[in-house]
Amino acid sequence: MKFFGPGAVAVAAGALLALLLFPIYWMITSSVTPESRLFQSPPLLPATLSLEHYRALFDERDFLIPIRNSLIVAAATTMVVLPVSALCAYALARLRFRGRGVLLALILAVSMFPQISIVPPLYLILRELRLLDTYPGLVLPYVTFSAPLAVWLLTAFFRQLSPELEEAAMLDGASRVRVLWDVVAPLAAPGVATAAILTFLYCWNEFLFALSFTLGPDRYTVPVAVTLFRGRYQVPWGQVLAATVVATIPVALVVLFCQRRIVAGLTAGATKG
Amino acid sequence: MIRQARAIEREERRLARWLVAPALVFILLGSFVPIAATGWEALHGHDLRLPWLGRPFVGLANFVEATGDLRFRSALLHTVTFAVITVPLELALGLALALIMHTAVHGRALIRLAALLPWAVPTVVAALVWRFMFDAQAGIISAPLLTFGAVGESFDWFVHPLAAWVPIGAADIWKTTPFVAILLLAGLQTIDPALHEAARMDGARAVRRFATITLPLLRPALIVAAAFRMLDALRLFDVAYVLTGGGPGTATEPLSLYAFIALMQHLRFGYGSALSVTVFLLTFGFALIWVRALGRPAVGDRM
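Protein chains in written order, with our numbering: chain A, 1 to 273; chain B, 1 to 303.
Everything labelled a hint here was simulated from the structure, so no lab data went into it. A portion of the hints provided could be inaccurate.
[Claimed, not checked] Output of the computed footprint for chain B on chain A, the stretches with three or more beta carbons under 8 Å from beta carbons of chain B:
1. 16–24
2. 104–111
3. 119–131
4. 142–154
5. 188–201
6. 241–250
Glycine included, C-beta positions come from ideal geometry on N, C-alpha and C.
Let's have the full structure, built from the sequences with the hints guiding it.
Here it is as C-alpha cells:
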C-alpha cells in the first residue's frame, strides 16, 4: 500500500523524526551547558561540555535518594502485580466460571478511573495506618492501578497460546494446577516480561499518587523530586534538566532493548489480539 | 464420562475462583472501595485545618457549593475544552505518523524508536522540557519568534492566560501522539494489502483509497484510540501541574488540579472529594456516551 511517493514519505518521516526527537536532544544538550550560557540565545550545537549540573545533582541534591525510592517502589509493585495478574489472566483466558464477564468489566472500569478520584480516602486511610510517606503506601495504589493493565495484556497473551499442549498434558492425567506450573508457566515468560516492562514504566512515571502520599525528600520518587526542584524564585534549569536526563535514562534503555515487546504489549491491550 | 466431565468442570470453577481472588481483592480494595469512600466523604463537611468541627454529614452541600464556585466552573470548562481540542489533533497527527511508519521502507526501527521515546518519558519530564523550551528569556521557541518580531520583547507564554495553554498542549501532544500512532499502526497492519492492490488496478487514486478503504477499516482502532485519549485528557493533571501550576492565576487549571489543590493545599477534604467525584463522573459519563454512540468498543469484543 503506497499513498505517497518515496520522496514525500522520506521528507515527512524526517520532519516527524526531528519533531519527536528534538525535545530530547535539547534536554541533553542543555543539561551539559553551563548555567551562565543557558540563557543566552541558544546555539543548536553545544559549544562547551560541562558536567557541572550532574555533579551538583548528585553531590548537593543527593539525587540518588529519589532514584533508590523509585526503584524500590517499582520493583515491589512489579513483584506483587505479576503473579497476581498472571493467575487472574490465565483463569480469564482459559477457564469457564460464573462472573467472568463482570470481572472483565470491573477490570476495564478500573483502568479508566481518574487517579484523583481515589486520592482523598487513600490519603485518610494511609494517614490512619501511618503509611503516608512509606514504600507500602505507594505500592498499594500502584498495584491497583497497574494490575488491570497487566491482567488485560496477559489475558490477550494467554489466548494467543495454543491450548493443545495443555490439553495433551491434561489427557495424560495432569491436573490443571500441574499444567499451570509445568506447561503454562514456561510458555508465559514472554508475556510476563512484557507486563513487567509496562508495570515498571508505569511506576517510574507515576506522579499524582507519589505527590500526594509522600511528605518529604526522603521518600520522594524521581518525578516528584524533579518537579519540586524549583528554587523559591528561580528555576535552577541546569540541574532540573540534568535530573530529567537521569530520569529518562532507564526508560530510554528499556525502550531501546524492548521496543518490539512494548509495541506488542500496547496493542494487545487495545486492539483485537 | 459425563460424570467425569462434570467433575472436571466443577474443579475448574473452584480453581478459577482461587486464581482470580487475589486480583479481585486488590481491585476491590484498591479502587472500588476508595471510590465509594470518596463519594461518601463528598457528602461530609471535613476540613483538616479545622479538626474541632468534626466531620458532619452535609448531604449535597459540597456539590451545591461547586455549582456556584466560579473556579470550579472554569476548571470544568478548561478540562473539556482541552480534551476537545487536543484529542482530535493527536488523532490526526497520530494517523499521519502511523501511515508514515507503515509506508516507510527504510529506517522503520529508527522511527519506531523515535516514537516510543516520547511515550515512555515520564510525563513530568516532558512537561519540564517543554517548559524550558517555551521559557521567555531564552527558550528555543521564543527566541526565533522574537527575532522575527512575531512577539514583543516582554512576551511571556506563561503570563498570558490563553498563551499559557500552548506549552501545555504542545507537551501533551508531543507525549501522546506516538501512543495513538502505535495503536493505529496495529490497525493499519490488519488491513489486507490486496484491497489496495485491487482498488489501484481499478484506477483509484491514493486519496480515494485512503477515504474508502483505510479510514473505514481503521474505524475500530480510531474509536479505541480516541476513547483512551479522551479518558486521559479529561483527567489532565501532571502536565498542567508542572508546566503552569494552573497559572497565571487559575487560567490553566484543569479539574483534577483544582481538586488536588482543594484537598492537599486547602485541606478541605469534603469539598475536594466532591470535586474528585466530578472528575470521575466526567470520565464515566464520557465512557458511557462513547460506548452507547459507537457500540461496544473493540476492546470488549476481544474478550
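Practice task
Kindly indicate which numbered hints from before are broken by the structure, ordering the numbers from low to high.
Solution key: 5
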